[in-house]
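A.B. asks: The lines below spell out each chain.
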Amino acid sequence: MLSLRVAIPAANTLIPTKTKPKPGLVVQTGWNQTDLFSSLPKRYDYKLQAATTGLTDGRASVEDKEVELPAGLSRELMPKHVAVIMDGNGRWARQRGLPTSAGHEAGVKSLREMVELCCQWGIQVLTVFAFSSENWIRPKVEVNFLLSLFERALESEMESFQRSGIRISVIGDSSKLPASLLSLINKVEETTKNNTRLQLIVAVSYSGKYDVVQACRSIVERAKDGQIQLADIDEGLIEQELETNCTEYPYPDLLIRTSGELRVSNFLLWQLAYTELFFTQELWPDFGKEEFVEALSSYQQRQRRFGGRHS
Amino acid sequence: MAKEVMSGWTRVGNVSRGVSSVIRECIFGVLRVGPIPNHIAFIMDGNRRYDKKQNPGGAAVSGGHDAAFWALVAMVMYCYELGVKYVTAYAFSIDNFKRKSEDVQILMDSMLRKFDLLEKVAIHFAIRVHFAGNLGPFNNEFRVSAMKLMEATAGYSNSLLTICVAYTSRDEILHAIEESCEQKCIDHVREINSDGDHIIKLMDLEKNMYMAVAPDPDIIIRTEGENRLSNFLLWQSCGSHLCSMSVLWPEIELWNLVLAILNFQKHKPYLERKKKEKQV
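Just so you know, the protein sequences line up as chains Z and Y, in that order. All residue numbers for the first sequence refer to my numbering, where the first residue is 904 and numbers rise by one. All residue numbers for the second sequence refer to my numbering, where the first residue is 545 and numbers rise by one.
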């Protein structure tokens, strides 16, 4: 269903044309915008803009200045964990007569913007569905291409993540990933593990059902080893064994899916029990600040009951 | 109560005969040009608000649950006529036990009163009824009545109505894990199937799910405008078309169902494409 949204290095940073900074809105970023996800060939004729940062040195951490939220959003009601199914890159490219890779590159721009907004608005965890376990059935050439792109992007952005206080975690079935990518993932996770501004969880070769099955296998092994009794198995134990045990907030408050499809497609199955779902017709490369504000606004107006009832 | 029963039977009567029946058959004829879902699941939300609408300023009479029952019967009948073989309804979540005890009692009493009526409807339409969930927390009368209804309809195989009571998806998955773990541990002790690390498979869990009686739902419809699954069919909803509608459950009508199916048919090509990719 999904492919990796990663960038091919190029000279300039892509700035989405529809989300120009509003006058008076303070925008602070923790990384050099010419580094992160900067990679579009000029022939695509996107509006390009060289970006600068406010960093005084490469190691400076992100400024903790409060960022003014768009009108209508409340900081107190901001979700702690947002999950995204980034759908629609291929369709976006086809609509423009471009190759699929162009759609993925444009999708990277959207992801970059979303990461930045999450940092600014106090969202603590962002989980993105980058590569589904079902995507392995795609042509080998395409799969190899995507994995190598992901590897190169991780490598080129590791320093940026570190500077901006972003912690990277990768979840999914790693058994099928190339050794070089696995090694890099471990390195990035280790390097960024103490960062606290935002945790970006990238689901690669992931399926919600697989997550539950592997948790179950862990539990069986622990039971066979005598670490636990069968009677000890409860929802808490399962939660501990799921791959989302890498975060303090494993259950998304809000799930956004783009491109108009109204399904969850085997993403974070157990974790989505009480998650508010937001579906939008926009294709992922077109999902920008405005659309994110709309999703957050919708979320903040909802009454979450968790099976109970408001009196 | 008799008034509500009469009102309910009137609704059912209107469903099953007259001009509305002819019009409905025409509509269904059009729907059948496209793919008909095999399984529709309903999250029946909005009963309480309906009750407040009917009794403004007063105490809850039945919590809207009696009207909810008749709405379910109407939907089951429409689905049956259209050729939808499986219908699942989220009647009572384990989380609902967190509500006020009087609300829980109203719901329990309402459900218990409906078993005989449900049996009549099920037998009339030859629909098998199955209860999915953990019936343990219910009293003996409830459990016995539920078992009796299941036994009375066990012989029907054309259509299945699954009613989820004392159900949450996580509890269902937990139950499946417990069963699977117990089996694998027994196998380990008996040195059967000790084939190394990957001894728990997807099918081990799936065969132990409460919902193993039915295929995954094609559509999940939720009323009252909420957009969440609320711990319902998490495992089974991976490929389900999710449909949220603002109507309150007791007020759901044929056209709501028709629109949901039309929407499903519009999105079906995408799902079919994905299935074909899997087969390549």
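The set of hints was computed from the structure by calculation and includes no laboratory data. Computed from a predicted structure; not experimentally measured. Possibly wrong hints are sitting among the right ones.
FRET-style restraints, in silico, Cβ to Cβ [stated by the list, open to error]: (1) 668(Y) <-> 1148(Z): 49 to 55 Å; (2) 680(Y) <-> 1127(Z): 52 to 58 Å; (3) 694(Y) <-> 1134(Z): 24 to 30 Å; (4) 644(Y) <-> 1205(Z): 20 to 26 Å; (5) 694(Y) <-> 1094(Z): 56 to 62 Å; (6) 649(Y) <-> 1143(Z): 33 to 39 Å; (7) 660(Y) <-> 1077(Z): 52 to 58 Å; (8) 694(Y) <-> 1128(Z): 35 to 41 Å; (9) 1039(Z) <-> 567(Y): 47 to 53 Å; (10) 1093(Z) <-> 701(Y): 27 to 33 Å.
The beta carbon of each residue, even a glycine, is placed where N, CA and C say it ideally should be.
A.B. asks: Now look at each hint and say whether the structure bears it out.
C.D. replies: Verification of the hints:
no. : hint                           : in the structure
1   : 668(Y) <-> 1148(Z): 49 to 55 Å : holds, 50 Å
2   : 680(Y) <-> 1127(Z): 52 to 58 Å : violated, 28 Å
3   : 694(Y) <-> 1134(Z): 24 to 30 Å : holds, 28 Å
4   : 644(Y) <-> 1205(Z): 20 to 26 Å : holds, 22 Å
5   : 694(Y) <-> 1094(Z): 56 to 62 Å : holds, 57 Å
6   : 649(Y) <-> 1143(Z): 33 to 39 Å : holds, 35 Å
7   : 660(Y) <-> 1077(Z): 52 to 58 Å : holds, 55 Å
8   : 694(Y) <-> 1128(Z): 35 to 41 Å : holds, 40 Å
9   : 1039(Z) <-> 567(Y): 47 to 53 Å : holds, 48 Å
10  : 1093(Z) <-> 701(Y): 27 to 33 Å : violated, 57 Å
In terms of the numbered hints stated before, the structure departs from hints 2 and 10, listed from lowest to highest.
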